[in-house]
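Next come the chains, spelled out residue by residue.
Protein chains: 4
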Amino acid sequence: MVQLGLVGLGRMGFNMRERLRAAGHEVVGYDRNEAVSDSTSLADMVSKLDAPRTVWVMVPAGGPTRETVAQLGELLAEGDLVIDGGNSRFTDDTHNAEVLSAKGIGYLDCGVSGGVWGKENGYGLMVGGDKELVERAMPIFDALRPDGPREEGFSHAGSVGAGHYAKMIHNGIEYGLMQAYAEGFELLEAAKVVEDVPAVIKGWQRGTVVRSWLLDLLVRALDEDPELDDLEGYVEDSGEGRWTLEEAINHAVPAPVISAALFARFASRRKDSSAMRAVAALRNQFGGHAVKKVGE
Amino acid sequence: MVQLGLVGLGRMGFNMRERLRAAGHEVVGYDRNEAVSDSTSLADMVSKLDAPRTVWVMVPAGGPTRETVAQLGELLAEGDLVIDGGNSRFTDDTHNAEVLSAKGIGYLDCGVSGGVWGKENGYGLMVGGDKELVERAMPIFDALRPDGPREEGFSHAGSVGAGHYAKMIHNGIEYGLMQAYAEGFELLEAAKVVEDVPAVIKGWQRGTVVRSWLLDLLVRALDEDPELDDLEGYVEDSGEGRWTLEEAINHAVPAPVISAALFARFASRRKDSSAMRAVAALRNQFGGHAVKKVGE
Amino acid sequence: MVQLGLVGLGRMGFNMRERLRAAGHEVVGYDRNEAVSDSTSLADMVSKLDAPRTVWVMVPAGGPTRETVAQLGELLAEGDLVIDGGNSRFTDDTHNAEVLSAKGIGYLDCGVSGGVWGKENGYGLMVGGDKELVERAMPIFDALRPDGPREEGFSHAGSVGAGHYAKMIHNGIEYGLMQAYAEGFELLEAAKVVEDVPAVIKGWQRGTVVRSWLLDLLVRALDEDPELDDLEGYVEDSGEGRWTLEEAINHAVPAPVISAALFARFASRRKDSSAMRAVAALRNQFGGHAVKKVGE
Amino acid sequence: MVQLGLVGLGRMGFNMRERLRAAGHEVVGYDRNEAVSDSTSLADMVSKLDAPRTVWVMVPAGGPTRETVAQLGELLAEGDLVIDGGNSRFTDDTHNAEVLSAKGIGYLDCGVSGGVWGKENGYGLMVGGDKELVERAMPIFDALRPDGPREEGFSHAGSVGAGHYAKMIHNGIEYGLMQAYAEGFELLEAAKVVEDVPAVIKGWQRGTVVRSWLLDLLVRALDEDPELDDLEGYVEDSGEGRWTLEEAINHAVPAPVISAALFARFASRRKDSSAMRAVAALRNQFGGHAVKKVGE
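Residue numbers (numbering that gives the first Met the number 0), protein chains in the order written: chain Z, 0 to 295; chain V, 0 to 295; chain U, 0 to 295; chain B, 0 to 295.
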């Protein structure tokens, strides 16, 4: 049994605390929301841990994570370990590791996949950092990851940053997978050749090449709302897809599927497109083609 | 000076009659709209022409063109010539040529580009069919095409169907060109780094790599409506883009730009996307991500 | 226990015979390859079946399937049933059903997914046709489909053609899914931030959002060849992806991911691209940019 | 007549000096290549100019431009003016302007289009910076820009950075335009329905919707090499396309055409694709589909 601090008890962190405790570990959580926090401040949380301490950071990527790491750099001591389990950009990890390294504090980055299902099923984990630190934190990883062979739900991806890099690419792939199912769904809906679209998709869950966990979730969604018409086709994106495309640019790797999936999300959030107004205007200019005027 | 029949006096045919007459040719037009027609029926039009006759067909592609050609097959005689100047699919040309060939009537297909500006500027022409028939109709082509060297506004693309094939690809390219300008316009509008977007686009008309007639038309459109916000980003497509993509499929040629331009038009006409509802539903299933419910 | 004829004992048909026999059914197979055939001719096969007969056709799509169905129309009798389990285009099904219907013979189309793994795991099935015929053939479908709830590996998609339509869309989605993983793999390989790419991908098998059967197969492939450098990046396509894109065109549905996946396959088979030669030529023309001459 | 310093006498700078001198302006050039330089050092060049001085920088974007600007900051004096005419990223301009502003030196960024043809035809110019500085440098801009109305070959796009921003988007559009023509060319070549592809493309130069300067250049290239088979389909990219796509990401603007054009260039430079090896491996795993082994 190990002891750890856990900063950030939102949707993900809260569930992870549950799973860690269920595995018998001691978790001292801290969150600004007193209703869920086990400690009154970051300093209070640290004071409740025995050295050498391990603190898992599970706060929003970017500023919040960098600030939390900087504060932990002040509060922790040589020999302690910080694990960033959030969705940080891999370029933040080098910075965070350096900040802590100056104080003799270790750093691991851990990409975490699994969403709200992770509490029950376990989380897929991708870790970056020194081998010995990874070994030291393995009881925590083992508690968080799914049952089954460790190497099927956990990987030590490489040195600092590699864990978040792997998670970033994981999410880029995820964008592509979701869009592929979505295009198929729209085609089935539009063509009306298949009479029972939800039945067909449910029937893809076993034996087919396209079976997957995402497909199982699509079946769940269709069970609740067979034409998915209770909701709007409005889709946010949360950073990793953009970063994946930036990496494709940096490494001159074509990524037509991942970019198409990202652009489809961008387009889903526009009320009207100035690009398409330009195309409409051009067609009108050369061909006298009718245009739709606003308000018509 | 030559004499010809002209079937179809819509936006394109009407202007072409003007241009042909301005060049000194004799045109007997026929249109169901009596207000613009020079004859009371197709038969009446044919009767007013001296053998060997030439009839230019300028009616909507597909059924209307095929039916007009079939009727001309009944009305015309051996040695006559039919030119289809509409936007027929190239596969229709083989059929039309055979129907007429059985009666000894010649057939040419002619792709016509230039829109409403052709009356003034001349039309870009791409012709398919036998060399001797092309030569025979050259006075007509010369009257319709722009001033300047013949080979810069006219081509004999190959045998029957090649003219419309060339026009189809021309239009596929046109889709891509328009979308490229449109994406650039949207980026300029969105980023707001450039303060005077219409001035920048106007300034691209001379000296730059992107100067083109389409750019000139975009400048015209922006002169009339600097943010193009009088109209909606709703864009029709008229067949050739789809056919071009089908040809890409048939010949296993990647056409990412032309397909992206076509899909952008499809997307511009959807109120909501079932594909994106599926993506939203999936994100909600695995991550508990918020969705927009209809009516919220 | 039921009895059926099975035409076509290639990779798929051979395995299906095994699975059907393992389930206790009587299968009379016919294949032009005598080494695997249970009968000397299609007629011989039919003669060995008791009326009302059921014949499963598992031959290449297009001409071979249409011809086999036509021959069965001659050999079978009223009340018999033909099931096309091949990869026919859904538009062929209407034709095949009519040919047989004229003789009082029933017809079902069945999309079959699962590849070489189906013999062991069962095949995902999507069926089109009349409900009573589907019920009649259910023992066969039950033997072929995977264990577990019937509705998770089998669907009655709609009337004739709907089974193959569902399978076509299934394969279109499959193209997109595969390309999404492939782009992620290429990015991981190119960036070299992740040091152990196969370990990361193996670690995605449990708990992550991207877990799927295709991912499991990618892990298998990487186990055998960790950089996949024993083989060339040359990928065929077998029709369904093209048909899916044609359906997207027909129904004006944007399909950027599926088309990108198809185009990536097209591009993988080109030695050199005339499109990119044109771009190189243009850059050279306006900018004096260096080009690679052949043989340099 | 004005006097200016010109740093960088490569392909672009050399031609611009010619054009400026032909317009009667006095140009003191500096280049590390003594054979073309009018001065022995940057300091020597500056010493030959009368205050208030104007120096045009025409060196490679990134480090070289930033360093040249920094050195000019040391050498120039309050009231002088630096114009960056290179292909700098717009984000560099803010930095460069600040460096110079600290010394009271003015700064303008000027996107320049037109390639090797600019010497003869004039260059399309897009300028960012203060209005009064733009006015002061107008004689230079007027000499460099094409004949005709100023606003058709020159724009004051906005404040510092806006000129390079406009040029970046210009080049992103250019990528899309070139790829659109290229896809059309490949389709014409592949389908072989059009017998004389160069004649068709030449015939698009007048009257058609797709006429443009790039089309004229394609005609030139085809005149020299009708099948473009003297060169390889290998295409570099020089930054602006990537930056445009990064801006699309930053502003959540879909850019499917520009990204497709960029990815086509990336793909043109790969000998083999690990992505497509992954797809081939997957197909082999599930379907037993044949793969091409290396060396086969």
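Careful, some of the hints might be misleading.
As the list claims (entries may be wrong) - DSS-like cross-link-like pairs, simulated, lysine-lysine; straight-line CA separation at most 25 Å: (1) Lys191(B) / Lys130(V); (2) Lys130(B) / Lys291(U); (3) Lys102(B) / Lys130(B); (4) Lys191(V) / Lys102(V); (5) Lys191(U) / Lys191(Z); (6) Lys270(Z) / Lys130(V); (7) Lys130(Z) / Lys191(U); (8) Lys270(Z) / Lys102(V); (9) Lys130(Z) / Lys102(Z); (10) Lys292(Z) / Lys130(V); (11) Lys102(U) / Lys130(U); (12) Lys270(V) / Lys191(Z); (13) Lys270(B) / Lys191(V); (14) Lys191(U) / Lys270(B).
Worth flagging that the hints you see were computed from the coordinates, not collected in a lab.
Evaluated hints:
1. For the hint linking Lys191(B) to Lys130(V), the alpha-carbon distance of about 18 Å falls within 25 Å, and the restraint holds.
2. A C-alpha spacing of about 44 Å is found between Lys130(B) and Lys291(U), which places the hinted pair above 25 Å, so the restraint is violated.
3. For a cut-off of 25 Å, the pair hint linking Lys102(B) to Lys130(B) stands: about 19 Å separates their Cα positions.
4. Note on Lys191(V) and Lys102(V): the hinted pairing is violated, with a Cα-Cα distance of about 64 Å set against a maximum of 25 Å.
5. Proposed proximity of Lys191(U) and Lys191(Z) is contradicted: the alpha carbons are some 46 Å apart, above 25 Å.
6. The suggested pairing of Lys270(Z) with Lys130(V) is violated, with an alpha-carbon distance near 52 Å, which exceeds 25 Å.
7. Taking the CA atoms of Lys130(Z) and Lys191(U), the gap is near 18 Å; set against the 25 Å cutoff, the hint holds.
8. Only pairs whose Cα atoms come within 25 Å are accepted, and Lys270(Z) paired with Lys102(V) is rejected, the gap being roughly 56 Å.
9. With a CA separation close to 19 Å, the supplied pair Lys130(Z) and Lys102(Z) stays within the 25 Å bound.
10. Of the pairs offered as hints, the one joining Lys292(Z) and Lys130(V) is violated, with about 46 Å between alpha carbons and a cut-off of 25 Å exceeded.
11. A hinted pair counts as satisfied when its Cα atoms are at most 25 Å apart, and Lys102(U) with Lys130(U) qualifies at roughly 19 Å.
12. Annotation: proposed proximity of Lys270(V) to Lys191(Z) holds, straight-line Cα distance about 18 Å (limit 25 Å).
13. Under the criterion of a C-alpha separation no larger than 25 Å, the hint pairing Lys270(B) with Lys191(V) is inconsistent with the structure, at around 40 Å.
14. Taken as a hint, the Lys191(U) and Lys270(B) pair is honoured in the structure, with Cα atoms around 18 Å apart against an allowance of 25 Å.
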